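*Asks:* The residues making up each chain are set out below.
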Amino acid sequence: MADRFQFDSLAAFLAMDGHGAFIWLSYGITLLVLAWLVATPLIRARRVRAEIRRQHRATATSATEESTD
Amino acid sequence: MANPRSFEWFHRLGSPQGFYRMTTPWLPWLAAAALGLLAVGTVWGLGFAPQDAKQGNSFRIIYIHVPAAFLALAGYYVMAVAGAVGLVWKMKLSYMVMKAAAPLGAALTLVSLVTGALWGKPTWGTYWVWDARITSMLVLFFLYLGVIALHHAYSNGEAASKAAAVLALVGTANIPIIYKSVDWWYTLHQPATIKLTEAPSMHPDMFQPLVVMIGGFYCLYALVLILATRVEVLHRERRTRWVRDLVMGGAD
Amino acid sequence: MAAPELPVTKAVRALLARDLTLAIRHRGEMANPLIFFVMVATLVPLGVTPEARELARLAPGMIWVMALLSSLLSAETLFLSDHRDGTLEQLVLSPQPLWLLVLAKVLVHWLVTGLPLTLLSPLLGVMLSLPAAGYGPMMASLALGTAALSLIGAIGAALTVAIPRGGLLLSLIVMPLYMPVLIFGASAVQQAVDGMAPSGPLAVLGALLAFSCLMSPFATAGALRVSLHG
Numbered sequence: 001m002a003d004r005f006q007f008d009s010l011a012a013f014l015a016m017d018g019h020g021a022f023i024w025l026s027y028g029i030t031l032l033v034l035a036w037l038v039a040t041p042l043i044r045a046r047r048v049r050a051e052i053r054r055q056h057r058a059t060a061t062s063a064t065e066e067s068t069d
Numbered sequence: 001m002a003n004p005r006s007f008e009w010f011h012r013l014g015s016p017q018g019f020y021r022m023t024t025p026w027l028p029w030l031a032a033a034a035l036g037l038l039a040v041g042t043v044w045g046l047g048f049a050p051q052d053a054k055q056g057n058s059f060r061i062i063y064i065h066v067p068a069a070f071l072a073l074a075g076y077y078v079m080a081v082a083g084a085v086g087l088v089w090k091m092k093l094s095y096m097v098m099k100a101a102a103p104l105g106a107a108l109t110l111v112s113l114v115t116g117a118l119w120g121k122p123t124w125g126t127y128w129v130w131d132a133r134i135t136s137m138l139v140l141f142f143l144y145l146g147v148i149a150l151h152h153a154y155s156n157g158e159a160a161s162k163a164a165a166v167l168a169l170v171g172t173a174n175i176p177i178i179y180k181s182v183d184w185w186y187t188l189h190q191p192a193t194i195k196l197t198e199a200p201s202m203h204p205d206m207f208q209p210l211v212v213m214i215g216g217f218y219c220l221y222a223l224v225l226i227l228a229t230r231v232e233v234l235h236r237e238r239r240t241r242w243v244r245d246l247v248m249g250g251a252d
Numbered sequence: 001m002a003a004p005e006l007p008v009t010k011a012v013r014a015l016l017a018r019d020l021t022l023a024i025r026h027r028g029e030m031a032n033p034l035i036f037f038v039m040v041a042t043l044v045p046l047g048v049t050p051e052a053r054e055l056a057r058l059a060p061g062m063i064w065v066m067a068l069l070s071s072l073l074s075a076e077t078l079f080l081s082d083h084r085d086g087t088l089e090q091l092v093l094s095p096q097p098l099w100l101l102v103l104a105k106v107l108v109h110w111l112v113t114g115l116p117l118t119l120l121s122p123l124l125g126v127m128l129s130l131p132a133a134g135y136g137p138m139m140a141s142l143a144l145g146t147a148a149l150s151l152i153g154a155i156g157a158a159l160t161v162a163i164p165r166g167g168l169l170l171s172l173i174v175m176p177l178y179m180p181v182l183i184f185g186a187s188a189v190q191q192a193v194d195g196m197a198p199s200g201p202l203a204v205l206g207a208l209l210a211f212s213c214l215m216s217p218f219a220t221a222g223a224l225r226v227s228l229h230g
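Protein chains in written order, with the numbering used here: chain E, 1 to 69; chain B, 1 to 252; chain W, 1 to 230.
No wet-lab data here; the hints were simulated from the structure.
No experiment lies behind these values; they were computed from the predicted model shown.
Be careful, since some hints might not be right.
What the hints assert, rightly or not - One-sided excerpt, in silico: chain W residues whose CB lies under 8 angstroms from chain B: (1) Leu159; (2) Leu169; (3) Leu172; (4) Met175; (5) Pro176; (6) Met179; (7) Ile183; (8) Phe184; (9) Ser187; (10) Met215; (11) Gly230.
Unchecked claim - Rough simulated footprint, nothing fancy, chain E against chain B, three-plus residues with beta-carbon under 8 angstroms: (12) 38 to 49; (13) 58 to 66; (14) 118 to 132; (15) 221 to 234; (16) 237 to 248.
Said to hold, decoys possible - Computed list of chain B residues with no C-beta within reach of chain W, every gap over 12 angstroms: (17) Glu8; (18) Phe19; (19) Trp26; (20) Leu27; (21) Pro28; (22) Tyr77; (23) Lys92; (24) Ile214.
Idealized CB from N, CA, C, for every residue including glycine.
Work out the full structure: start from the sequences and follow the hints.
*Replies:* Written out as C-alpha cells, the structure reads:
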C-alpha cells in the first residue's frame, strides 16, 4: 500500500476541493442510518424483555395470591 | 461422522430457540468485524485513495453508494428466499428473517438513492437522472415499501408473513423485467453514448478500499438482520418457558 | 355422502355467466373507471398546456398513464363484492382448481373494465391531439396491456381483499408491477407516432401478457387462500 494521505491540511480534507458538502453529507447521513439500523433492534429488545418481565411478575404474584387463600 | 452432525446443526439453527442460542456468541465478532472493516474502509477511502482524474473528490462517495446498492439488491433476494422457505417448509423462523430483512433493505436502498443523488450533483451536474440503474433502485424501494406495508396491514402475524412472502416472490420476478424495460426505454430516449452513471474505470488503489467497505457493509447487514430476527423471536415466543427463563434469569 | 363434483368446464362456464350477469346488472358501477379515464384527460390540458402541438407530444404517454390509473381504480372491484357476500369463501373452498376460477373472474373483469377502456381510447386521442398514426397501435397496446394489468392487479386484489380500506395499499403494491406494461404500451404508441413500426413493443406486451397469464392465476390463488384462511 503505497498510498499517502491525499490532503495537505485538515482544512483541505474538509473542503475536498469544493465537493466537501456533498461528501460529508453523504457519509454523515449513511452513518446516521447505519447507527439507527443497529440501535432499533437493541432498543426494541429491551422493551420486549421489560414487557416479558412485567408479564411474568403479574402472573407470579397472582399465583402466590391464589396459593395463600 | 460429519454428515449427521452438520444436518443436526442446521436443524437446530432452524428453530427459533436454537437460532437465538446459537447466534448469541456470534454477535460480538460480527459487530467487531463490521466496525473494523467500515472504519478502515472509510478512512482509507476518504483520506488515502487517490482522486479520480475526471470526477475529483466526489467519487469518494462511491465507497458508500456501491456497497449500499449491492446490499439493497442482495437484501431483497434474502427477503424473498426467506419468504419462499417459509411458504414451502412452513418454517416460522424463516418468516421472522423475512420480516426483519424488509426495513433493513429499504433503509439501504434509501441510502443508495440519496448518496447517488449527492454524487450526481457535483459529478454530472444533476441530482437525479432517470436511467436504468437509478430508476430500478427507486422501484426496488417501492417494492420494499409494499412488503413492509403489507406486513403492517394484516392483524394476524402468521397471515401477514405468508402474504408478504407471496408479494416478495412476485416482486422478485419483476426486478429483472423492470431493469430491462427501463434500460431499453432509457436508451431509446437518450441516444447519447455517454453512460452517465457508469462507475469510473478503477485503479486498484481506488478499488481496494471499496472491497473493504463492501465487506464491512455485508457484516453490518448480517449483524442487523440477526439482531432484528432475535427480537422477533423473543417477541413471538414470549409465552414460552425458554424465553421466560432467559429473560428472568438475566442471562445474555 | 359427499355431493357429486361438478365437472370443471361446467363450473367455469357457470362462474363466467354469473360474473357477466352481475356486471351487466351493475353497469352503473362499471362506468365509474371509464368516466374517471375521460375526466383525467381533461386535467392534462388544464394543468400543462392546451396547445395542440404540445399535447400531441405528450399524448401517447399520458393516455397510457391515465389508462393505468383507471386500471388501478378498478382492480379493487375484482374480489371485493364476492368477499362481502361470502361467495369468495365458497370459491376458495370449492373442489375446482382455484387458479382456473381466478382466470375466469379476471377474464370477465377485463371484459368489463379494460375492453371498454380500449374502445373509449380514441376519444382521448382526439382530446389530446394524438397524431393519426397512433390510434391503431394505441388500441392494440391498450387491449393487450389492460389484460396484463387486470392479471397483475388480481394478485394485489387477492392480497388486500380482507384488509379494511385495502384499496390504497393495493395501489402501492401493484404499481411497481405495472411499470413494465406502461413502458412498452406507451412506447408502442410513441414509435408509431414517430413513424416507426410498433411491432417490437407490441410483441413485448404480448410476452408480458403471456407471462402474467402463467404466473398470476397461481399467485392470486395462493394470495386468496392466505387472505381468507390466514
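*Asks:* A separate judgement is required for each hint: does it hold in the structure or not?
*Replies:* Hint check:
Contact between W:Leu159 and chain B, as hinted, is supported at the beta carbon level, the nearest pair being about 5 angstroms apart and thus within 8 angstroms. Given hint, W:Leu169 at the interface with chain B, holds; its Cβ is 5 angstroms from that chain's nearest Cβ, closer than 8 angstroms. For W:Leu172, the shortest C-beta to C-beta distance to chain B is roughly 6 angstroms, which falls under 8 angstroms, so the interface hint holds. Hint status for W:Met175 relative to chain B: holds, with the closest Cβ pair at about 7 angstroms, below 8 angstroms.
Contact between W:Pro176 and chain B, as hinted, is supported at the beta carbon level, the nearest pair being about 5 angstroms apart and thus within 8 angstroms. At its closest, the beta carbon of W:Met179 sits 6 angstroms from a beta carbon of chain B; the interface hint therefore holds under the 8 angstroms criterion. Interface hint at W:Ile183: satisfied, since its Cβ lies 5 angstroms from the closest Cβ of chain B, which is below the 8 angstroms cut-off. Given the 8 angstroms rule on beta carbons, the hint for W:Phe184 holds: about 7 angstroms separates it from the nearest Cβ of chain B.
Interface restraint check for W:Ser187: the shortest CB-CB distance to chain B comes to about 6 angstroms, inside 8 angstroms, so the restraint holds. Annotation: interface hint on W:Met215 holds; nearest CB of chain B at approximately 7 angstroms, less than 8 angstroms. For W:Gly230, the suggested interface contact is upheld, since its CB lies about 4 angstroms from the closest CB of chain B, less than 8 angstroms. Coverage of a stretch by a chain is defined here by at least three residues with a beta carbon nearer than 8 angstroms to that chain's beta carbons; for the segment 38 to 49 of chain B and chain E the count is 7, and the condition holds.
Counting residues of the segment 58 to 66 of chain B whose beta carbon lies closer than 8 angstroms to any beta carbon of chain E gives 5, which reaches the threshold of three, so the coverage claim holds. Check on the segment 118 to 132 of chain B: 4 of its residues sit with their Cβ under 8 angstroms from a Cβ of chain E, so the three-residue criterion for coverage holds. Judged by the Cβ-Cβ criterion of 8 angstroms, the segment 221 to 234 of chain B is covered by chain E as claimed, because 7 of its residues qualify and three suffice. Only residues whose beta carbon comes within less than 8 angstroms of a beta carbon in chain E count, and the segment 237 to 248 of chain B has 5; three or more means the coverage holds.
For B:Glu8, the shortest C-beta to C-beta distance to chain W comes to about 32 angstroms, beyond the 12 angstroms cut-off, and the non-interface label holds. Listed as a non-interface residue, B:Phe19 keeps its Cβ farther than 12 angstroms from every Cβ of chain W; the least gap is roughly 24 angstroms. With a least CB separation of 33 angstroms from chain W, B:Trp26 remains clear of the 12 angstroms interface cut-off, as annotated. Remark: the non-interface label on B:Leu27 is consistent with the geometry, its nearest Cβ contact in chain W lying 33 angstroms away (cut-off 12 angstroms).
The claim that B:Pro28 is not at the interface with chain W holds, since no C-beta of that chain comes within 12 angstroms of its own (minimum 39 angstroms). Every CB of chain W lies more than 12 angstroms from the CB of B:Tyr77, the least distance being 16 angstroms, so the non-interface label holds. With a least CB separation of 14 angstroms from chain W, B:Lys92 remains clear of the 12 angstroms interface cut-off, as annotated. Non-interface call for B:Ile214 relative to chain W: holds, since the shortest CB-CB distance, roughly 26 angstroms, exceeds 12 angstroms.
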